[in-house]
Each structure stands twice: as C-alpha cells, then as structure tokens.
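Q: Residue numbers (this note's numbering), protein chains in the order written: chain A, 1 to 161; chain B, 1 to 796.
Take the hints with a grain of salt, since some may be wrong.
What the hints assert, rightly or not - With the C-beta cut set under 8 angstroms, the calculated list includes, among others, these residues of chain A facing chain B:
no., residue
1, HIS3
2, ILE4
3, VAL5
4, THR8
5, ILE10
6, GLU44
7, CYS48
8, SER82
9, SER84
10, GLY85
11, GLU86
12, GLN91
13, CYS105
14, TYR136
15, TYR142
What the hints assert, rightly or not - Pairs of lysine-lysine, BS3-like flavour, derived with a Cα cap of 25 angstroms:
no., chain 1, residue 1, chain 2, residue 2
16, B, LYS162, B, LYS359
17, A, LYS160, B, LYS670
18, B, LYS105, B, LYS71
19, B, LYS670, A, LYS161
20, B, LYS307, B, LYS400
21, B, LYS436, B, LYS359
Since the hints were made in silico from the structure, they are not lab data.
Computed from a predicted model, the values in this text were never measured in an experiment.
Ideal placement from N, C-alpha and C gives every residue a C-beta, glycine not left out.
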Amino acid sequence: MEHIVQTTLILNGVAVTRSIPARQHLVDFLREEMGLTGSHVGCEHGVCGACTLRVDGKIVRGCLMLAVQANGRKVDTIEGLSDSGELAELQRAFHEHNALQCGFCTPGMLLAAQDLVASRPQATRDEIRDHLSGNYCRCTGYHAIVDAVEEVVVARRGGKK
Amino acid sequence: MNARAELPLHAPGTQVDKGYIGESVPRPQAKRLLQGRGAYTDDLRFPRLAHVVFFRSPHAHARIKRLDLVKAGKAPGVIGVFDGRAVAEYCSPWIAVLGHLKGIKSPPQHALAIDRACWQGEPVAAVVAETRAQAEDALQLVEAEWEPLPAVIDMDEALEGKRVIHPDLGDNICFKRELDTGGVDEAFAKADVVVEESYGFGRHTGVCLEGRAILADYNAAEHTLTVYHATQAPHMMQDIFSRHLNIPEANVRVIAKDVGGSYGIKVHVYADEMATAALSVMLRRPVKFLADRLESFVSDIHAREHKVKVRLACTKQGEILAFDLWDLTAIGPYSVYPRTSGIEGNQVVNLTGGPYKHKQYRAKMQVVFTNKNVTCQYRAVGHPIAVALTEGIVDLAAAKLGMDPAEFRRKNLIPDDAYPYTFASGIKFEKLSHHKTLGRLLELMDYQKLRAEQASLRKQGVHRGIGLAAMIEVTNPSPAFYGVGGARISAQDGATIRLDPTGMITVLCSVTEQGQGAEGVFAQIAASAVGVTIDKVRLTTGDTGVTPYGGGTWASRGAGIGGEAVLQAGRALRSNILDIAAVVLNMDKAELDIVGNEVVNKLTLESKLPLAELGRIAYFRPDTLPPKFQSELTVTRHYTPREYGFTFTNGIQASYVEVDSDTGFVKLLKHWCVEDCGTVINPMLVDEQIRGGIVQGIGAALFEECLYDAEGQLLNGNMADYLVPMAAEMPDIVCAHVETPTKQSELGAKGAGEAGTAGAPGAVMNAINDALAPFGARVTAQPFTPERILQALRKV
C-alpha cells in the first residue's frame with residue numbers, strides 16, 4: 001500500500017494540510033490535488049525548468065522535490081506570485097517584448113527571471129542568459145526573453161545599462 | 001532590439017486598411033499565459049476522467065508471442081486493459097499514401113500493434129485507470145514474450161533490401177522520385193569547375209515542451225465525441241476521428257485550447273492518440289492521454305535523417321550551370337498518416353538550388369523504411385536539408401574559384417526583375433527579392449568590416465568564420481500540397497466576424513493558435529478592417545464546433561491564408577455596419593466611415609454614431625428601422641490561394657562563429673536574418689518567430705540527434721542526453737525585412753514561421769567551415785559536435 005503522510009505547507013500564503021502519498025512530486029500535488037495548473041510538467045527529470053516553483057524563497061524544480069518534503073515550508077507558485085503583484089514588472093516586460101509564444105515555459109521562466117532580478121541587480125546580458133539556462137523555451141529564440149529581463153534589471157538600477 | 005523602426009508601416013503595393021497592420025502590438029491573448037492561467041489540455045478537469053498509459057515495444061522489430069494483461073487488469077484503480085485486436089474493433093487502420101506522390105506505398109497501421117511491433121516505442125497495449133499513477137503502476141504488470149526479428153536500422157541496408165520489413169510491399173522503398181531537366185551531363189562536361197560533396201543530416205525531433213495531449217469524451221447517449229486535443233489541425237482530426245471510429249463527422253467536435261508548442265509535431269495522426277479516442281468510445285467516459293517526455297522521444301515524429309550527395313558545375317567566371325543531386329532518407333516502418341512521409345524528400349528535390357538561376361538540374365531521391373521511430377513533417381520540412389546542401393556546395397565552388405561567397409551568390413541569385421519565374425525543378429515563383437535581401441544583409445552585418453576582423457583575428461590564432469545561407473521557402477500552400485493527392489486536408493480557411501450589441505467584435509477563425517500569435521495578428525487585421533480599436537476585438541480559434549472550416553496551422557499558412565479571410569470578413573462587416581448607419585442617420589453610405597469605434601462623416605471625421613449605439617438599435621430596436629431592412633452583423637468569408645501552388649518567400653541568413661581548434665567547441669557570436677515574407681503584420685511577432693526558428697535550426701546544426709544503436713534502440717531519449725539549445729549558448733539574433741507583398745491576396749502576407757529553421761543550419765555549417773578553412777578541414781555531417789570537428793581537424 002502507498003505511504004500517506006499528513007503534510008502542512010504554506011501555499012501562496014495560506015496554510016494547507018493534506019494527506020499526501022509519499023511518492024508524489026510537489027508539482028503533481030499542486031496540479032492534481034490543489035488545481036494549481038500554472039506550474040507545468042515538461043520533462044519530469046529536472047532538465048527543462050517548466051515546473052520551477054519557489055520553496056522558502058528559493059527556486060526549485062517541482063518534479064525533483066516530493067510534496068511531503070514541503071512540510072512546514074512556504075511554497076509559492078505562478079498563481080500566487082501573480083496575485084501578489086511580485087511578478088508584475090517582469091510580466092509587463094515579457095508581454096511588451098513578446099517574450100513568450102506558446103507560454104508553456106513562461107511560468108517557470110518568470111520565476112527563474114525573478115530570482116535573478118531580486119538577487120543580481122548588476123546582471124549583464126550574458127549573465128541573464130546564463131541564469132536562464134535551466135529553463136528550456138522551444139518557441140522564442142530566447143532573444144526577446146533576454147530583452148525583457150534586461151529591461152527590468154536595467155530599470156531597477158535606474159536605467160544604467 | 002527589434003527592427004520595427006526600420007519598417008514601412010504599409011508595404012508598397014499592398015491594399016491593406018490603415019490601422020494596426022505593421023504595428024508591434026503585444027498579443028492580448030498572452031496575458032493569461034503570463035499568469036499561468038492558460039488552459040492546456042492537461043489542465044482540464046472532467047468528472048469520471050480515466051487515464052490511459054501505453055505498453056510499448058522494447059524491441060525495434062519483434063513478433064508478439066504472448067501478451068498477458070490479466071495481472072495488470074487486476075491492479076488497483078484499473079478500469080480496463082486492451083490489446084491491438086480489442087481496439088481495432090473500434091478503430092480502423094490507416095494507410096498513409098497520397099495520389100500525387102506516384103508510387104508511394106505503406107502498410108496498414110493500427111492504433112495498437114497487432115502480432116508484430118516495428119519500432120522501439122510502438123504502442124502495443126493500453127492500460128486505463130482512475131489515475132495516471134495507478135495506470136503506470138499497472139503497466140509494470142503487463143507481461144509480454146517477444147520473438148525478436150531482424151531489424152533494418154541502416155538506410156543503405158534498407159535500400160539494398162536483403163531484409164524486407166513489410167514482405168507484402170516487396171521491398172523497403174516507400175517512395176522515390178527522379179527529376180531531370182535534360183542537359184545535365186552536357187553542362188558538367190563543359191564546366192570549368194565541378195565540385196562534389198556528401199552531406200549528412202541527423203535524425204532529430206521537435207521536443208515540444210508540452211507533450212502530446214488528448215482528452216477524448218464520448219457521449220454514448222448522443223453518439224458524439226468531443227476531443228480536446230493539442231493539435232494544429234482540428235478539422236483534419238475531426239474528419240479522421242469520424243472515419244476511423246465510424247462516428248458521423250457532424251458528431252465529432254475537436255477543440256484545441258492552449259497548445260504548448262507544436263512546430264509540425266502536432267499535425268499528424270498518432271497511434272496512441274487514436275487509441276485514446278477509441279477507448280473513450282469503448283469505455284463510454286472521458287479518457288486522457290499525455291505523452292511523458294520519455295515516450296515523446298520514442299513516439300513523437302522524428303525528422304530529417306538524410307544522406308545526400310550533390311555535384312555542382314560552374315564556369316570559371318563563376319556562373320552556376322547545373323546541380324546534380326542524390327538523396328536517401330529513412331522514415332521508420334510506416335509512412336505517417338495522413339500527410340505521408342514522402343513530403344520531406346519531395347521538398348528536397350523541389351528546393352535544392354532554388355535561389356539560383358541555373359537551368360540544368362537532375363535529382364534522384366529515395367525514401368526507405370527502417371525499424372526506427374517514424375519520421376514526418378517537422379518545421380521547415382526539407383528546407384533545412386535543401387538549403388544546407390545547396391549553400392554548402394555553393395561555398396565550396398566559390399572557394400575553388402577563389403571568389404568571395406557573397407559575390408558568388410550575387411552573380412548567381414535569380415535577378416529581382418526576373419519574375420514570374422519557373423525554377424529548374426518546376427516550382428514557380430511569383431516575386432522574390434534575393435538581391436535586395438542579400439544587399440540588406442551585407443549592410444546589416446557590416447560584411448566587409450567583419451571579414452577584416454576575421455582576417456586580423458586569424459593572424460592571432462583566433463578562428464572565426466562567417467557563413468551565408470540564401471533560401472526560398474514554401475508558404476501559403478494551395479490544394480496542390482495535399483488536397484490534390486486525396487488527403488482531406490483543407491487548403492482554404494474561413495473567418496466569421498460579428499458585431500456585438502456593445503460595439504465589440506468577435507472573430508472566429510479556422511486557423512489555430514499554437515503560440516505563434518495567430519490570434520494577435522487576426523485581432524490586428526480585424527480591428528483595422530472594421531475600424532475599431534484592438535481592445536474591442538475578441539478571438540476564438542481551434543474549435544470545429546464554432547469556427548468556419550479550415551486547415552489550421554502548418555506550412556507557414558496562418559497569417560497569409562487565415563489573415564486574408566479575416567481581412568475580407570472585416571471589410572464585409574464594415575460595409576454592413578455602414579448600411580445600417582446610413583439608414584439610421586438617413587445619410588448616403590458613401591459619406592460614412594468607421595474610425596475608432598464610431599461611424600463618422602468620411603470627410604469631416606465628425607462622430608455620427610458610436611458602434612455601441614448602432615448595435616443597440618440593430619439588436620434591440622430593429623422596429624425603428626425601415627420595415628424591409630434587415631441588418632446583417634455577422635459575416636463569413638473564406639480564402640484559398642490558387643494562382644500559384646505555393647507562395648514562395650525568400651530570405652538570407654548569416655552566422656558568425658568562433659571555433660576552438662583544441663576542443664572543437666563552436667561559439668555562436670551573432671546571427672542575422674533578412675526575410676521577405678511580404679506584408680509584415682506585426683514585426684515584433686515575426687522577428688521572434690524567426691528567431692525561434694533559427695534557434696531550432698541551430699539545435700539541428702550543433703546539438704540535436706536521435707542516436708540509435710545497431711539493434712534500433714534509441715540511446716539518448718531524454719532531455720539530459722538529447723541536447724537542445726538553451727539561452728546561454730544562443731547568440732543575439734538580428735532580424736530585418738524586405739517586403740514584397742504577394743499580389744494573390746489583398747493583405748499581401750506570405751508565411752514566416754519556418755524561415756528561421758530553413759536557413760540556420762546551412763549558415764552555421766558554412767560559418768564553421770569558413771573558420772576551419774585555414775586547417776584544410778570541413779564538416780558536412782550534422783550535428784557538428786566537438787567530436788566531429790576534432791575529427792575533421794584530424795585531432796581525434
């Protein structure tokens with residue numbers, strides 16, 4: 001029989017308690033149990049970055065973490081970070097630069113970009129490219145994504161390129 | 001930055017309405033995707049939804065001696081287990097041939113293999129359970145005994161035919177084509193210079209970030225089937241579900257909501273998807289299948305895998321006289337339904353040498369079956385092969401003559417005033433602009449300065465290379481592509497536009513949104529044609545239950561064909577609105593126009609009647625209109641390109657690379673593309689779509705290959721081992737446009753979706769070989785891995 005573990009996490013700011021199969025990935029739990037379908041499943045082996053989530057303030061692969069490991073932790077998803085307004089600047093820049101096409105990578109890409117915007121205010125274009133290299137996008141040529149992130153980074157440091 | 005500022009707002013010669021055409025308008029539809037609030041097929045939630053997983057053949061070629069599903073059937077949560085015979089009772093097999101590809105043959109293919117599996121990954125049995133996890137658990141309990149059969153893996157061996165995969169077909173040849181203008185041997189005999197080279201093209205695949213996804217919902221009471229499907233061609237799939245599941249077409253509805261990338265991968269009939277639809281009928285409940293990443297690699301179509309030999313004859317003045325081509329390609333054990341797997345090779349024959357003005361051309365192309373995953377049309381179908389081999393041999397000829405590659409191309413490109421023009425392969429060009437695009441490219445990249453920089457760095461031991469690739473591309477196909485061959489694939493598309501009572505307009509179009517921005521450009525066209533602001537436009541696509549009938553998204557056709565239908569529907573609606581306004585205002589229709597959501601006096605622009613007020617009157621107070629006047633605020637128009645088989649476009653790309661001669665690594669420094677896709681509707685969207693295409697082409701050139709061992713086992717079918725381009729390795733890409741609108745439509749738009757993928761591999765190959773030139777080394781087999789570059793340098 002499956003091991004079921006009672007787990008409590010702070011999901012997008014709200015405490016949630018569920019009985020979770022021990023083997024279930026965090027991203028499957030969010031999608032299947034919580035109905036948060038904004039985090040996508042692309043490869044299930046930690047390469048593509050489509051399932052990027054934030055746990056205790058750090059970005060993680062939702063397919064490489066078990067849901068029960070989130071016990072006692074803060075989990076933020078694209079839905080929560082959109083509603084809080086934290087991603088608004090990046091979302092506006094992505095929209096204006098057409099830095100998405102099919103949008104399947106976009107939630108993960110935005111979380112990875114926000115991690116850079118918050119932690120590396122001096123990032124250059126090359127460093128932006130490096131930082132986003134764990135997130136696969138098949139539609140754009142990455143160019144517009146880099147343009148959008150660069151615009152936000154530069155704006156935040158007062159317009160200095 | 002985007003090259004928008006360089007564009008004219010309206011290309012000369014077009015007859016488009018003023019407004020949003022040529023503007024970089026952000027896509028309104030993208031907002032939901034930015035918040036994770038899209039609706040991809042796997043995001044949908046249904047009561048009684050069952051989940052199917054597939055037991056797939058572990059062998060490349062084997063007889064199924066025993067398949068025991070009993071244990072799996074008893075596993076927790078399992079609803080049913082099915083083999084090929086069970087599913088075949090509900091889903092008839094298919095044969096993928098087309099009448100205009102003379103002699104093409106392929107055996108019948110079933111939704112689930114019966115008796116024999118022909119590639120590793122072919123679905124053999126289905127397990128349906130209440131959850132995906134339960135289905136996967138049960139899958140481990142399926143027992144199969146196999147009798148391995150000899151597998152034909154190598155395409156030369158397949159051609160030789162000592163072992164025939166499908167004995168009923170007689171040999172392993174699916175399709176062959178020969179073309180000869182005559183005079184080729186004479187041209188080679190009188191040539192001053194003859195160059196010959198062989199090129200290899202690796203087998204690669206689309207790697208859509210969203211796996212293939214289908215949710216089929218059969219309603220037994222109505223005998224209706226609703227299929228939520230990540231597809232590019234809903235009407236094509238409606239027809240296919242109808243015919244193979246024996247349900248009247250009118251009872252089948254296919255809905256493509258958000259689709260997570262397709263690039264040609266999601267325009268084909270897949271056995272596991274047909275089985276899913278059949279299982280929904282069999283179980284009388286909704287059934288969902290989502291291909292996970294590992295099964296995507298063994299079941300999504302692969303593409304390319306060509307082996308080519310080409311010869312070029314030219315004079316010592318540098319005039320190309322003739323091309324002579326030999327192409328062999330392997331497609332797996334089945335031609336893929338319904339488009340067939342003969343098209344890519346056919347395109348290589350059509351397109352090789354296409355930008356140039358020589359008159360003599362001969363080609364021999366053969367398509368063979370092998371026991372690997374099937375291949376079929378993937379973004380830029382045949383173009384990346386034709387462009388790379390053409391541009392590779394052209395560079396080799398230029399080098400032999402000691403001519404600059406740009407100059408050699410200028411000498412041989414078809415002149416810009418030579419149109420209409422029929423190329424040696426028989427394809428017809430309405431109007432291309434090779435010389436303009438070449439000139440613009442050289443200026444954009446500062447070619448001479450770059451050459452000087454390259455020469456000076458070379459002295460310091462830094463090996464950089466510049467590669468050019470001119471191209472022609474098939475876009476806006478007429479029925480000549482599939483319809484004439486008997487495929488029920490629509491070459492026409494339609495748009496319905498309705499003015500709603502509040503003054504909003506609703507557009508329904510048969511072209512689908514795959515993320516490329518079709519809905520965005522249709523909103524721009526509709527707003528411009530009717531005379532409303534873009535915030536007043538709502539779009540619906542991808543639903544056979546509500547949109548007009550049409551082909552969908554493939555072959556760079558959405559903007560050119562669907563866009564023209566939207567334009568014509570918008571104009572008709574504008575005219576109908578003005579009929580009502582003339583009656584309400586008691587004015588002459590000719591005095592009126594629609595600007596900014598209002599009916600205005602055409603001359604003075606004085607506001608006469610807001611559309612919201614006109615809508616109110618037409619819908620709620622028609623009693624105030626004259627008794628015999630009936631308003632018509634919903635119109636539908638269709639469009640089919642017919643004057644030319646295809647609306648060819650042209651363009652040229654350049655790549656600037658640095659090769660590390662110690663490690664074999666290639667660093668992409670910069671990439672340029674000048675494209676002529678006719679009227680540019682939204683430069684920002686076109687540019688990034690071209691860039692995305694270029695990056696896919698770069699993937700093929702440098703990283704991506706589905707590697708099989710001698711037994712037909714895919715060795716790198718996961719994203720850790722199959723390399724795709726990521727942001728850090730990709731260069732900045734500069735795009736610019738020349739606009740030669742097609743005169744076949746009033747919009748003037750040609751396609752742009754595949755241009756990037758068509759030209760990039762050739763440009764990168766030529767750049768690498770330019771960098772390697774001082775070593776007397778060349779690479780011609782894609783992907784150009786460090787290992788292959790070091791082999792060329794004779795270092796390993």
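Q: For every hint, state whether the structure bears it out.
A: Cross-check of the supplied hints:
no. : hint                   : verdict
1   : HIS3                   : 13 angstroms, violated
2   : ILE4                   : 13 angstroms, violated
3   : VAL5                   : 16 angstroms, violated
4   : THR8                   : 22 angstroms, violated
5   : ILE10                  : 19 angstroms, violated
6   : GLU44                  : 6 angstroms, holds
7   : CYS48                  : 6 angstroms, holds
8   : SER82                  : 4 angstroms, holds
9   : SER84                  : 11 angstroms, violated
10  : GLY85                  : 11 angstroms, violated
11  : GLU86                  : 12 angstroms, violated
12  : GLN91                  : 5 angstroms, holds
13  : CYS105                 : 5 angstroms, holds
14  : TYR136                 : 6 angstroms, holds
15  : TYR142                 : 4 angstroms, holds
16  : B:LYS162 with B:LYS359 : 38 angstroms, violated
17  : A:LYS160 with B:LYS670 : 24 angstroms, holds
18  : B:LYS105 with B:LYS71  : 39 angstroms, violated
19  : B:LYS670 with A:LYS161 : 20 angstroms, holds
20  : B:LYS307 with B:LYS400 : 23 angstroms, holds
21  : B:LYS436 with B:LYS359 : 22 angstroms, holds
Of the numbered hints listed earlier, those contradicted by the structure are 1, 2, 3, 4, 5, 9, 10, 11, 16, 18.
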